[in-house]
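*Asks:* Each chain, written out:
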Amino acid sequence: MISMDGTTIARGFRSKRHEQAPKDRLPPGQHVTTDFPVLSAGPTPQMKLGDWTFALQLGVSLLGKWNWTEFEALPQTTIKTDIHCVTKWSKLDTTWQGVTFDDLLKAVGLTEPPAPHIMAHCDGGYTTNVPVADLIGGQGMIATRYEGLPIPPAHGGPARLLVPHLYFWKSAKWVRRLRFMEKDQPGFWESFGYHNYGDPWKEQRYDGD
Amino acid sequence: MTVTEAAARPVRRLQWQLAQVREIVVETYRVKSLLLHVANWQGHLSGQHVDIRLTAEDGYQAQRSYSIASPPEDQLLTLTVERVDNGEVSPYLVDDLRVGDQFDLRGPIGGYFVWTTAMGGPLSLIAGGSGVVPLMAMLRHRDRQNIGVATSLLYSSRSLEDVIYRAELDAMARCDPHLRVVNTLTRKQPDGWMGRRGRIDKALLAEECFPPERSPKIFVCGSTPFVEDVSRFLVELGYDPLTIKTERFGPSGGQAP
Numbered sequence: 001m002i003s004m005d006g007t008t009i010a011r012g013f014r015s016k017r018h019e020q021a022p023k024d025r026l027p028p029g030q031h032v033t034t035d036f037p038v039l040s041a042g043p044t045p046q047m048k049l050g051d052w053t054f055a056l057q058l059g060v061s062l063l064g065k066w067n068w069t070e071f072e073a074l075p076q077t078t079i080k081t082d083i084h085c086v087t088k089w090s091k092l093d094t095t096w097q098g099v100t101f102d103d104l105l106k107a108v109g110l111t112e113p114p115a116p117h118i119m120a121h122c123d124g125g126y127t128t129n130v131p132v133a134d135l136i137g138g139q140g141m142i143a144t145r146y147e148g149l150p151i152p153p154a155h156g157g158p159a160r161l162l163v164p165h166l167y168f169w170k171s172a173k174w175v176r177r178l179r180f181m182e183k184d185q186p187g188f189w190e191s192f193g194y195h196n197y198g199d200p201w202k203e204q205r206y207d208g209d
Numbered sequence: 001m002t003v004t005e006a007a008a009r010p011v012r013r014l015q016w017q018l019a020q021v022r023e024i025v026v027e028t029y030r031v032k033s034l035l036l037h038v039a040n041w042q043g044h045l046s047g048q049h050v051d052i053r054l055t056a057e058d059g060y061q062a063q064r065s066y067s068i069a070s071p072p073e074d075q076l077l078t079l080t081v082e083r084v085d086n087g088e089v090s091p092y093l094v095d096d097l098r099v100g101d102q103f104d105l106r107g108p109i110g111g112y113f114v115w116t117t118a119m120g121g122p123l124s125l126i127a128g129g130s131g132v133v134p135l136m137a138m139l140r141h142r143d144r145q146n147i148g149v150a151t152s153l154l155y156s157s158r159s160l161e162d163v164i165y166r167a168e169l170d171a172m173a174r175c176d177p178h179l180r181v182v183n184t185l186t187r188k189q190p191d192g193w194m195g196r197r198g199r200i201d202k203a204l205l206a207e208e209c210f211p212p213e214r215s216p217k218i219f220v221c222g223s224t225p226f227v228e229d230v231s232r233f234l235v236e237l238g239y240d241p242l243t244i245k246t247e248r249f250g251p252s253g254g255q256a257p
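First to last, the protein sequences are chains W and Y. Under this note's numbering, the residue at position 50 of the first sequence is numbered 50, and the numbers go up by one with no gaps. Under this note's numbering, the residue at position 204 of the second sequence is numbered 204, and the numbers go up by one with no gaps.
Hints were generated in silico from the structure; no laboratory data involved. Using N, Cα and C, we set each Cβ at its ideal position, and we do this for glycine too. Some hints here could point you the wrong way.
Cβ-to-Cβ under 10 angstroms is the rule here; a few derived chain Y residues that face chain W [what the hints assert, rightly or not]:
1) Arg-12
2) Asp-51
3) Tyr-60
4) Asp-96
5) Gly-100
6) Gln-102
7) Pro-108
8) Gly-111
9) Thr-224
10) Gly-238
11) Tyr-239
12) Leu-242
13) Ile-244
14) Lys-245
Let's have the full structure, built from the sequences with the hints guiding it.
*Replies:* If you want it as structure tokens, here you go:
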């Protein structure tokens, strides 16, 4: 049976969900999960904190670089937010602690972002692109704690990018470098048919959505 | 794919399409394959997945991702679905769906966890439970193309009754000298079981995967703990992490990314 708007009614299919998240918390096509699924394209890197560094780059020039101790000494911010994975699960009220993108800019003495786009580079070769406009104003951080504890490696520890208002593949695990770019370029999943921007509220899952 | 190729690719939206169930195959007591007719299917690569959308009469919708089990060569699109107890979508697909029923589907999705004959081998496939599904699409593609790419499938199941595609895998391996299928049963083994027992460990991987010197293409698919363990063992055995492609089936039925 085809309904008025072209969707197909699946005979006999019914919702089994007893409690639904409020409409303003759950983007279209998502459902709430209480567990925390792990999705990565390769093995989980085993990174020792003593070997970990994090860098900010403009093109090929270095704007700033921190080891773990130095990074931990930067101003810390805690946020409580919902996260939305492109594979359809959403997790509500997750708490993250880390260093905001704004504080990273301040730490390298910048008052303005030097370019409009960034590419996040991660252990294991993963990359993702994010507009700087989506990171400033407290929207993005390098997170190092989840629910008050160090982020487990499978979930991106020691540090992951957190941009919770975009689909969660943009919140790159095992992040080691943010590189400012004058021109936008697709990252890893963005080169494999996933949407370049990834707004869950517009259901921008794949190219052309 | 290079960045330039990706940027130059024309952007087309993946439209929802009508899928009709043509045939249902009982694979195990909790797994069925749905053979679907999709009118305007544009083709896919082995390893890719689709999104399905079920709409209830009251308008309620649920979306999930499922791996494609059929190779690009087949006419019908096959999804193999495992019933997740207390799940919302999989019990419907496994227990309620009948031949002739319809639902919405779009895809193919994902371009990283894929294998084509052009990528060559040797090919080391490592599956836990229903993680065998996208790997089966690769094995079927290899089979249809009838090329002798050296391939091994290391497949972990709870019991013999849980082994998906058992007869087909046996038949494939029997008449193909370049394919080796190794089953390991973790919880229960039938009397006289001559195969492997227990979880896949480092020793078994060292024995059954092509050695790192031969630079095998490695695909690992299964539950999160399964993939975490196997991929860590492989890195410890000296395989280049960049040659290990993984897909984790989370408790929420998620797939890549």
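*Asks:* Against each hint, give a clear statement of whether it holds in the structure.
*Replies:* Evaluation of the provided hints:
no. : hint    : result
1   : Arg-12  : holds, 5 angstroms
2   : Asp-51  : holds, 8 angstroms
3   : Tyr-60  : holds, 4 angstroms
4   : Asp-96  : holds, 5 angstroms
5   : Gly-100 : holds, 9 angstroms
6   : Gln-102 : holds, 5 angstroms
7   : Pro-108 : holds, 8 angstroms
8   : Gly-111 : holds, 4 angstroms
9   : Thr-224 : holds, 4 angstroms
10  : Gly-238 : violated, 13 angstroms
11  : Tyr-239 : holds, 9 angstroms
12  : Leu-242 : holds, 6 angstroms
13  : Ile-244 : holds, 5 angstroms
14  : Lys-245 : holds, 7 angstroms
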